[in-house]
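The residues making up each chain are set out below.
Number of protein chains: 2
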Amino acid sequence: MFNELINSIDEELKRLLNPVYPERIYKAMGYSVMAGGKRMRPLLMLLAHKAVGGDKNDKRIMTFACALEMIHTYSLIHDDLPAMDNDDLRRGKPTCHRQFDEATAILAGDGLLTYAFELMLYDPSFKYEPRYTRAAWEIARLSGMDGMLVGQVVDVESEGKQIDAGTLEYIHKNKTGGLIKAALMAGGIIGGADESKIKLLESLGEDMGYAFQIKDDILDVTSTEEVLGKPILSDEKNQKVTYVSLYGLEKAQKDYIELSRQAVDKAKKLGEEAEQLADYINSLVDRVK
Amino acid sequence: MFNELINSIDEELKRLLNPVYPERIYKAMGYSVMAGGKRMRPLLMLLAHKAVGGDKNDKRIMTFACALEMIHTYSLIHDDLPAMDNDDLRRGKPTCHRQFDEATAILAGDGLLTYAFELMLYDPSFKYEPRYTRAAWEIARLSGMDGMLVGQVVDVESEGKQIDAGTLEYIHKNKTGGLIKAALMAGGIIGGADESKIKLLESLGEDMGYAFQIKDDILDVTSTEEVLGKPILSDEKNQKVTYVSLYGLEKAQKDYIELSRQAVDKAKKLGEEAEQLADYINSLVDRVK
Numbered sequence: 021m022f023n024e025l026i027n028s029i030d031e032e033l034k035r036l037l038n039p040v041y042p043e044r045i046y047k048a049m050g051y052s053v054m055a056g057g058k059r060m061r062p063l064l065m066l067l068a069h070k071a072v073g074g075d076k077n078d079k080r081i082m083t084f085a086c087a088l089e090m091i092h093t094y095s096l097i098h099d100d101l102p103a104m105d106n107d108d109l110r111r112g113k114p115t116c117h118r119q120f121d122e123a124t125a126i127l128a129g130d131g132l133l134t135y136a137f138e139l140m141l142y143d144p145s146f147k148y149e150p151r152y153t154r155a156a157w158e159i160a161r162l163s164g165m166d167g168m169l170v171g172q173v174v175d176v177e178s179e180g181k182q183i184d185a186g187t188l189e190y191i192h193k194n195k196t197g198g199l200i201k202a203a204l205m206a207g208g209i210i211g212g213a214d215e216s217k218i219k220l221l222e223s224l225g226e227d228m229g230y231a232f233q234i235k236d237d238i239l240d241v242t243s244t245e246e247v248l249g250k251p252i253l254s255d256e257k258n259q260k261v262t263y264v265s266l267y268g269l270e271k272a273q274k275d276y277i278e279l280s281r282q283a284v285d286k287a288k289k290l291g292e293e294a295e296q297l298a299d300y301i302n303s304l305v306d307r308v309k
Numbered sequence: 021m022f023n024e025l026i027n028s029i030d031e032e033l034k035r036l037l038n039p040v041y042p043e044r045i046y047k048a049m050g051y052s053v054m055a056g057g058k059r060m061r062p063l064l065m066l067l068a069h070k071a072v073g074g075d076k077n078d079k080r081i082m083t084f085a086c087a088l089e090m091i092h093t094y095s096l097i098h099d100d101l102p103a104m105d106n107d108d109l110r111r112g113k114p115t116c117h118r119q120f121d122e123a124t125a126i127l128a129g130d131g132l133l134t135y136a137f138e139l140m141l142y143d144p145s146f147k148y149e150p151r152y153t154r155a156a157w158e159i160a161r162l163s164g165m166d167g168m169l170v171g172q173v174v175d176v177e178s179e180g181k182q183i184d185a186g187t188l189e190y191i192h193k194n195k196t197g198g199l200i201k202a203a204l205m206a207g208g209i210i211g212g213a214d215e216s217k218i219k220l221l222e223s224l225g226e227d228m229g230y231a232f233q234i235k236d237d238i239l240d241v242t243s244t245e246e247v248l249g250k251p252i253l254s255d256e257k258n259q260k261v262t263y264v265s266l267y268g269l270e271k272a273q274k275d276y277i278e279l280s281r282q283a284v285d286k287a288k289k290l291g292e293e294a295e296q297l298a299d300y301i302n303s304l305v306d307r308v309k
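Chains A and B are the protein sequences, given in the same order. Residue 21 is where the first sequence starts when you use our numbering, and the numbers rise one by one after that. Residue 21 is where the second sequence starts when you use our numbering, and the numbers rise one by one after that.
These are calculated hints, taken from the structure and not from any lab test. Don't take every hint at face value.
Remember, identical chains collapse to one label, so a pair may be satisfied in a single copy or spanning two.
Simulated crosslink set (DSBU-like; lysine-lysine; CA at most 30 Å straight-line) [said to hold, decoys possible]: (1) Lys47 / Lys193; (2) Lys274 / Lys147; (3) Lys271 / Lys34; (4) Lys147 / Lys219; (5) Lys47 / Lys260; (6) Lys274 / Lys79; (7) Lys250 / Lys34; (8) Lys260 / Lys219; (9) Lys181 / Lys47; (10) Lys47 / Lys289.
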């Protein structure tokens, strides 16, 4: 159902990462970006844009969607590094530092993050409509000191420690929730949503981000390496407190369903054109990887 | 002469990096940003802003200046990592990954880069005057795929190889020149410079960036570890082709002086208020570290 949209995202990502000199860095960036993935964040941005009645002919929404996927990918590349999670496989393929080398992986991550902002802030007319700049700001904030980065920091610090429920919630809502919130808010802002709808998208993103991470915790104990494309039971191996280890599998599954339902309800409140967004969130509920 | 300005930059950097939860990442970011340094890039931005007659009461120019220093610092932190230059000392102090650990250093670099964009794109009024967004775009471009990052990529690739003069020029003009150009152009753009003055600042930045890097190459063979605060003869040790190894010390010194003179001449063309900028560039000519 969303395959056509995913294909458009993939094509645009490929175009944006077409290697020019120095080719090796573009190849490393492209390798990780094109290594698969659900394209959940760019899809959420495009569907939020549609949900608030955004201009169908606005080409910049696709640029922003791709930029967000680059930011997501940079975080994966750096998380996989030997000094961090030290993972050899990601989506069933060698991680960036295994396929290339560590220096290249560090630079590819830095490159994707910087390039994402270059793309979002590019306007050859130099007119710069405020909503695009605001969307880029929300993305900066939510991928950094008010979202993904600080979530990752607390996650790294918490490894091997018995953390409390509040800390786990902070990690989940920021590390995963940051970019999901950013996707939805930026889509709404670029689509011309009013402040009340932007707030609704933020709250929807909070539910979804939390739900998504709980599902990840569930899959880590219920799935297989073949299906996930990465080792299972990794949380236990890394002595990580998860939603499942803290509350048990049954409550995790119940809360996950409840949060997802809440998110779908909020999506529907956005208006008539929000149907696809609601459908997409629903489709994530049953995801197996 | 520029001490007062440097103190203002330091104070604002300290304020912006005041630790909040999670404190450790702010401490690591602050440690590296406050570990000394000439503040050349923020100074150049402030002086370019003044040179084109920018509004003295505009507080955002200082925010941009600090953001650029954060981007510069992120690049130093990542360059020092074991997988890159593997340096233990920077400005006479332990590098970030030696003072903290490698994971923290990777995240501190990522944090500084992301936070820099958050700061530049923040406007509580959501009015977003185009010149600020354009300045942020120039900084994104010149710190990334059109400047510092690609310069660093080619530098890393070239280690231990006999590169030609064109490749060395590419490395110098991008790796060091990128942020110097960005500082001058952003200062001019935010100060309301017309396109011809922005072009002049870009060309000035190109000369200065090249000159600055040639001087670095010269100091690596003529200075001492005590003065530099880092090991000397490191280029030879790392089998790096430099301006000095390619053209000899005499020509390097001659070209360095010529490029600096050219830069000062260009600065003077900016107008009456460009005196301080010209003075500052002149003061760099005799730098010993």
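Structure-based check of each hint:
Within a single copy, Lys47 and Lys193 get their C-alpha atoms only as close as 32 Å, which misses the 30 Å cut-off; across copies the closest is 23 Å, which meets it. In this homomeric assembly, Lys274 and Lys147 never come within 30 Å of each other (Cα to Cα): the closest approach is 49 Å inside a single copy and 44 Å across copies. In the homo-oligomer, the alpha carbons of Lys271 and Lys34 never lie at most 30 Å apart, since the shortest distance is 41 Å inside one protomer and 44 Å across protomers. In the homo-oligomer, the alpha carbons of Lys147 and Lys219 lie at most 30 Å apart both inside one protomer (27 Å) and across protomers (19 Å), since each shortest distance falls under that limit.
In this assembly of identical chains, Lys47 and Lys260 lie within 30 Å of each other by CA distance solely across copies; the values are 24 Å between and 33 Å within a copy. Taking identical chains as interchangeable, the C-alpha atoms of Lys274 and Lys79 are never at most 30 Å apart, the minima being 40 Å within one chain and 50 Å between chains. Taking CA atoms no more than 30 Å apart as the test, Lys250 paired with Lys34 passes inside one copy only; the shortest distance there is 24 Å, against 41 Å between copies. In the homo-oligomer, the alpha carbons of Lys260 and Lys219 never lie at most 30 Å apart, since the shortest distance is 32 Å inside one protomer and 53 Å across protomers.
In the homo-oligomer, the alpha carbons of Lys181 and Lys47 lie at most 30 Å apart only across protomers (21 Å), although the nearest pairing inside one protomer, at 38 Å, exceeds that limit. Taking the shortest Cα distances, Lys47 and Lys289 never come within 30 Å of each other, neither inside one copy (42 Å) nor across copies (42 Å).
In summary, the numbered hints that this structure violates are 2, 3, 6, 8, 10.
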